[in-house]
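**Student:** Could you put the whole structure together from the sequences, leaning on the hints where they help?
There are 2 protein chains.
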Amino acid sequence: MEMYSGHINKLIEELAALPGIGNKSAQRLAFHMIHMPKEKVNRLAKVMMEARENVRYCQECYTLTDRDICPVCSNQKRNHNLIMVVENSRDLAAYEKTGKFEGVYHVLHGAISPMLGIGPGDIKLKELVARLEGDVEEVIIATNSSLEGETTAMYISKLIKPVGVKVTRIASGVPVGGDLEYIDEVTLLRALEGRVEI
Amino acid sequence: MEMYSGHINKLIEELAALPGIGNKSAQRLAFHMIHMPKEKVNRLAKVMMEARENVRYCQECYTLTDRDICPVCSNQKRNHNLIMVVENSRDLAAYEKTGKFEGVYHVLHGAISPMLGIGPGDIKLKELVARLEGDVEEVIIATNSSLEGETTAMYISKLIKPVGVKVTRIASGVPVGGDLEYIDEVTLLRALEGRVEI
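Each protein sequence line maps, in turn, to chains A and B. The first sequence begins at 21 in this note's numbering and counts up by one. The second sequence begins at 21 in this note's numbering and counts up by one.
Hints are supplied without guarantee of correctness; some may be wrong.
If chains are identical, the list can't say which one is meant, so a pair holds when it fits in one copy or spans any two.
As a list, the in silico SDA-like pairs of lysine to any residue whose alpha-carbon atoms are at most 20 Å apart [stated by the list, open to error]: (1) K66 / L38; (2) K44 / V183; (3) K30 / K58; (4) K60 / G42.
Think of the hints as simulated: they come from the structure by calculation, not from any bench.
**Tutor:** Next up, the structure:
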């Protein structure tokens with residue numbers, strides 16, 4: 021769009037490349053930023069860069085964190101023999117918000133998806149298997165109830181059972197096709213309580 | 021959300037403060053940024069700061085531009101005696117995209133809104149009046165057809181008519197309550213052609 025300035029065009033282009041932001045939203049955001057106080061724009065830019073620079077994987081559960089070991093994993097009051105497997109850190113946050121899960125997590129950072137070309141080697145699965153060398157009693161699979169989530173759950177179940185660890189799946193209280201992070205806490209808890217061995 | 025890192029929380033907070041970005045979208049964007057290559061995050065941050073730093077108002081029409089005088093105003097082939105008044109630079113871009121308007125623009129950066137406490141002094145109105153000291157033949161008011169846009173149109177009409185300049189309003193081909201930037205080019209052109217003196 022020649023009628024804007026080069027700087028605004030570049031900004032619109034960068035913003036439109038973010039997920040869920042179309043061209044119109046990118047325009048709106050860009051013009052909003054141009055009108056924001058300069059300090060606010062610089063702060064947002066700094067926070068973005070700092071987050072990208074300093075956030076890393078927890079060495080135990082692989083969630084995103086500022087520290088080597090995340091607050092959940094470094095909490096000795098949690099049950100470290102009970103591991104809930106989730107697809108991403110947002111799903112971890114969703115269960116953590118219920119305040120009722122006493123165990124720890126394992127974040128896969130994805131789900132198996134033949135369609136997207138994501139195989140077992142592309143998510144944190146061997147890292148999960150490595151954790152089972154300890155005294156783990158139960159692995160609760162809390163991947164989404166989507167096709168990919170179910171596929172991943174089945175794969176993990178087959179992978180882990182030979183090790184002799186109990187494997188459960190959160191109950192189908194979670195609506196089929198639903199994305200875990202958008203589900204209310206009551207449903208999340210019901211799904212946790214109703215988990216069955218698979 | 022304690023379960024995330026402080027850096028991610030701060031980023032989510034900053035993103036959620038942007039218009040049209042709710043808490044869930046902010047989370048999604050933040051996690052996306054964490055997984056982006058570092059150079060890409062830094063480039064987005066840099067583009068944001070540079071845009072805010074370098075973009076200014078055109079000294080003639082007050083649109084946002086990288087230069088002292090914007091490309092439209094510095095184009096001597098345009099009819100500088102025909103001024104289209106728009107609410108913001110996105111609306112200017114919408115008309116400019118039709119490629120059929122030969123005049124120049126005046127960007128108000130807002131509309132009169134008693135509800136939001138935006139008065140005539142808060143938008144670029146005296147700057148518009150100042151421009152009429154030249155040989156301006158016609159002022160086309162192309163504010164939105166919202167309550168605020170209509171109010172602003174009436175106000176400008178009353179303000180300018182005593183000066184002896186012809187004042188027109190784009191036709192009501194634009195759907196009532198509609199936002200100019202989302203309207204298709206054909207409708208925008210029909211509205212321009214059907215403009216009537218007010």
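**Student:** Each hint needs a verdict: does it hold in this structure or not?
**Tutor:** Evaluation of the provided hints:
1. K66 / L38: both (18 Å within a copy, 15 Å between copies)
2. K44 / V183: So K44 and V183 fail the 20 Å test inside a copy (52 Å) and across (38 Å) alike.
3. K30 / K58: For K30 and K58, both the intra-copy (18 Å) and inter-copy (18 Å) Cα distances are at most 20 Å.
4. K60 / G42: between (23 Å within a copy, 18 Å between copies)
Against the hints set out earlier in the document, a violation occurs for number 2 only.
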